[in-house]
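Asker: Chains as they are written, first to last, in the numbering used here: chain B, 3 to 338; chain F, 3 to 338.
Quick caveat, the hints were computed from the structure, so don't treat them as lab data. A few of these clues could be false.
The list makes no distinction among identical chains, and a pair is therefore deemed to hold if it is satisfied within one copy or across any two copies.
Simulated crosslink set (BS3-like; lysine-lysine; CA at most 27 angstroms straight-line) [stated by the list, open to error]:
(1) K43 <-> K214
(2) K327 <-> K241
(3) K170 <-> K233
(4) K306 <-> K241
(5) K27 <-> K45
(6) K43 <-> K27
(7) K306 <-> K86
Protein chains: 2
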Amino acid sequence: MSTRIRLARNLAQFPFPGWAKKTQKEEVLGRCLEVAARIPKIKDPTGLRIDELSELERQILFERHLISRELSNEPEGAGVIISKDQACSIMINEEDHLRIQVIKNGLNFKRSWNFITQIDSLLEESLDYAYSKELGYLTACPTNVGTGLRASAMLHLPGLVISGQMEKVVRAVNQLGIAVRGIFGEGSDASGSFFQISNQQTLGESETDILKRLNSVMTTIIEREEDAREKILEEDVDKVFDEIGRAYGVLKNGHLLSSSEAMNRLSLIRLAIDIGAIEEQNRMLVDRLFIECQPGHVQFTANKEIEPNQRDVLRALYMRDAFAKLPEPSFEHITR
Amino acid sequence: MSTRIRLARNLAQFPFPGWAKKTQKEEVLGRCLEVAARIPKIKDPTGLRIDELSELERQILFERHLISRELSNEPEGAGVIISKDQACSIMINEEDHLRIQVIKNGLNFKRSWNFITQIDSLLEESLDYAYSKELGYLTACPTNVGTGLRASAMLHLPGLVISGQMEKVVRAVNQLGIAVRGIFGEGSDASGSFFQISNQQTLGESETDILKRLNSVMTTIIEREEDAREKILEEDVDKVFDEIGRAYGVLKNGHLLSSSEAMNRLSLIRLAIDIGAIEEQNRMLVDRLFIECQPGHVQFTANKEIEPNQRDVLRALYMRDAFAKLPEPSFEHITR
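Build the full structure now, drawing on both the sequences and the hints.
Answerer: Shown next, in the form of structure tokens:
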């Protein structure tokens with residue numbers, strides 16, 4: 003679905019955010035906001051102080067993967083710069099002074115890397131990075147020292163989940179030093195059969211080697227997913243059609259919908275698009291709904307903070323409206 | 003939904019079916035088929051020998067409540083006479099020589115009683131019933147001695163089920179000597195929130211007293227059901243709308259449907275009609291689907307015997323077709 007690269011960077015003259023005083027963090031924040039605003043590669047950037055955002059605004063940024071839960075929870079001296087197209091965001095005073103992030107649609111480490119490395123170089127022209135000739139970039143947590151790079155792809159793997167193979171895949175890629183997480187990173191569950199797959203090591207390997215290795219693992223996982231889909235469509239086609247049909251029926255007609263159920267049902271609608279049961283032109287709508295079914299977005303749409311139970315009512319209403327325009331899945335032309 | 007009265011009768015010159023030899027049963031069967039065929043009150047009757055029916059045909063008659071499971075399982079000398087409109091059926095050599103049954107739509111013990119008592123009298127003109135001045139009609143099982151009458155009504159009680167009051171109601175009516183059973187009588191479960199409510203005693207009370215008492219209990223249960231519906235619509239309206247919406251969505255879009263799930267989902271569609279969320283004109287279709295979702299009817303429609311899993315596929319297909327014509331539930335005009 004999407005590729006993400008982030009770089010952890012710190013300024014040499016300041017203690018890491020976890021050890022810094024408020025005034026030091028403020029100085030870092032001011033300096034970074036100012037420098038980033040001048041970089042032409044970041045199109046129409048908006049600089050935000052986290053402590054000036056409401057709970058709901060922070061939640062929205064989190065659900066769009068533009069800030070982390072940690073940044074949202076520790077607003078002192080924290081900020082973020084976001085490009086207008088939301089493809090690039092730079093968190094300030096999260097665990098490190100700078101967390102530069104680039105998100106691109108599809109599986110494309112190369113393009114993401116080319117983009118982020120340009121931004122990184124432009125920032126470095128004005129900022130004095132903490133760097134050791136021996137270790138590379140220095141970071142607050144030793145697991146990021148070296149390249150400071152974490153690259154991940156969000157993969158939609160319903161075939162592996164339905165066929166019960168996901169655990170085996172996770173074990174196999176873990177042995178290659180690659181982590182598998184849920185849609186919102188560490189500690190989150192795999193709602194909707196979405197998985198974030200990322201490198202664990204940042205030291206002892208060049209950036210391009212890390213990305214190459216990650217890319218080849220992704221390719222293998224995608225092949226396994228395709229095999230799994232083919233197999234369940236051969237062996238258990240009625241079950242797959244049934245689950246897709248029910249997902250469509252419930253999203254179109256339900257009146258109470260938790261965000262986790264919405265994700266899981268939408269996941270099946272996405273699978274329906276992949277196998278041609280729902281027309282390709284609806285993919286963008288469905289991918290948008292994954293974001294819009296999150297708690298913050300439901301409240302944002304309602305234009306107020308609301309109780310969880312009432313959120314489920316509004317989420318269901320939103321889905322019913324969206325699905326009124328989405329034609330029923332049709333399986334006739336799919337070979338059994 | 004419907005009212006049913008049955009009378010247990012036996013011929014004085016023959017042992018009860020459980021004790022009779024094959025030749026004796028055959029004699030009873032022949033005699034009863036002949037007599038019943040001549041009664042004008044039973045319109046266009048068909049007389050059937052159970053041993054000449056296929057498994058599937060027996061299953062169909064059972065699902066339509068025209069014969070009992072017992073009659074279907076013990077075909078020796080067993081038969082049934084069915085009027086063309088299926089409102090009257092007479093089982094021969096079930097537990098008793100004759101089990102006369104009348105089914106009418108709606109709650110109407112009086113009309114059912116007037117009808118069955120005429121048939122009973124006409125049969126008695128040609129058959130010598132086993133009767134004791136002291137005890138009344140003699141039957142194979144002592145629980146039927148006296149009037150030989152069992153009257154029942156099929157009630158649809160989703161409100162009491164959803165609000166968890168059904169157990170309390172069952173306990174209360176049991177104390178009045180009235181039994182509550184599932185849709186297929188003794189030992190069956192309450193699929194679709196349907197309950198058969200019937201008298202337990204047949205001795206020491208006249209037929210009209212039994213029916214009067216039963217009628218007053220039914221009226222009370224129906225009032226309780228209406229209260230329960232009003233209450234859940236007040237207190238938990240989103241949950242009710244959600245369950246109805248999901249039922250509609252799954253019946254319209256599912257690809258695997260067990261008969262028990264179909265019954266329970268259809269029950270909610272029937273509730274939707276009751277509360278005005280689906281137009282009244284669809285009631286007949288929905289009531290018909292309750293019968294047509296049964297295993298025998300699914301096979302009958304497919305015109306062959308089929309494996310249970312394949313039945314679920316065909317049942318779902320049948321429902322999708324039926325629901326394609328049924329408009330979506332609409333809740334807007336229902337007061338919250």
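Asker: None of the hints should be skipped; say for each whether it holds.
Answerer: Results of checking the hints against the structure:
1. K43 <-> K214: Answer is within: at 25 angstroms inside a copy they meet the 27 angstroms cutoff, but 87 angstroms across does not.
2. K327 <-> K241: both (25 angstroms within a copy, 24 angstroms between copies)
3. K170 <-> K233: Answer is within: at 17 angstroms inside a copy they meet the 27 angstroms cutoff, but 50 angstroms across does not.
4. K306 <-> K241: Between. Shortest inter-copy distance 23 angstroms satisfies the 27 angstroms Cα cut-off; intra-copy 40 angstroms does not.
5. K27 <-> K45: For K27 and K45, only the intra-copy Cα distance (25 angstroms) is at most 27 angstroms; the inter-copy one is 94 angstroms.
6. K43 <-> K27: Within one copy only: 25 angstroms inside a chain, 96 angstroms across chains, cut-off 27 angstroms.
7. K306 <-> K86: For K306 and K86, only the intra-copy Cα distance (24 angstroms) is at most 27 angstroms; the inter-copy one is 63 angstroms.
Figure legend: structure checked against the earlier numbered hints; every hint is met.
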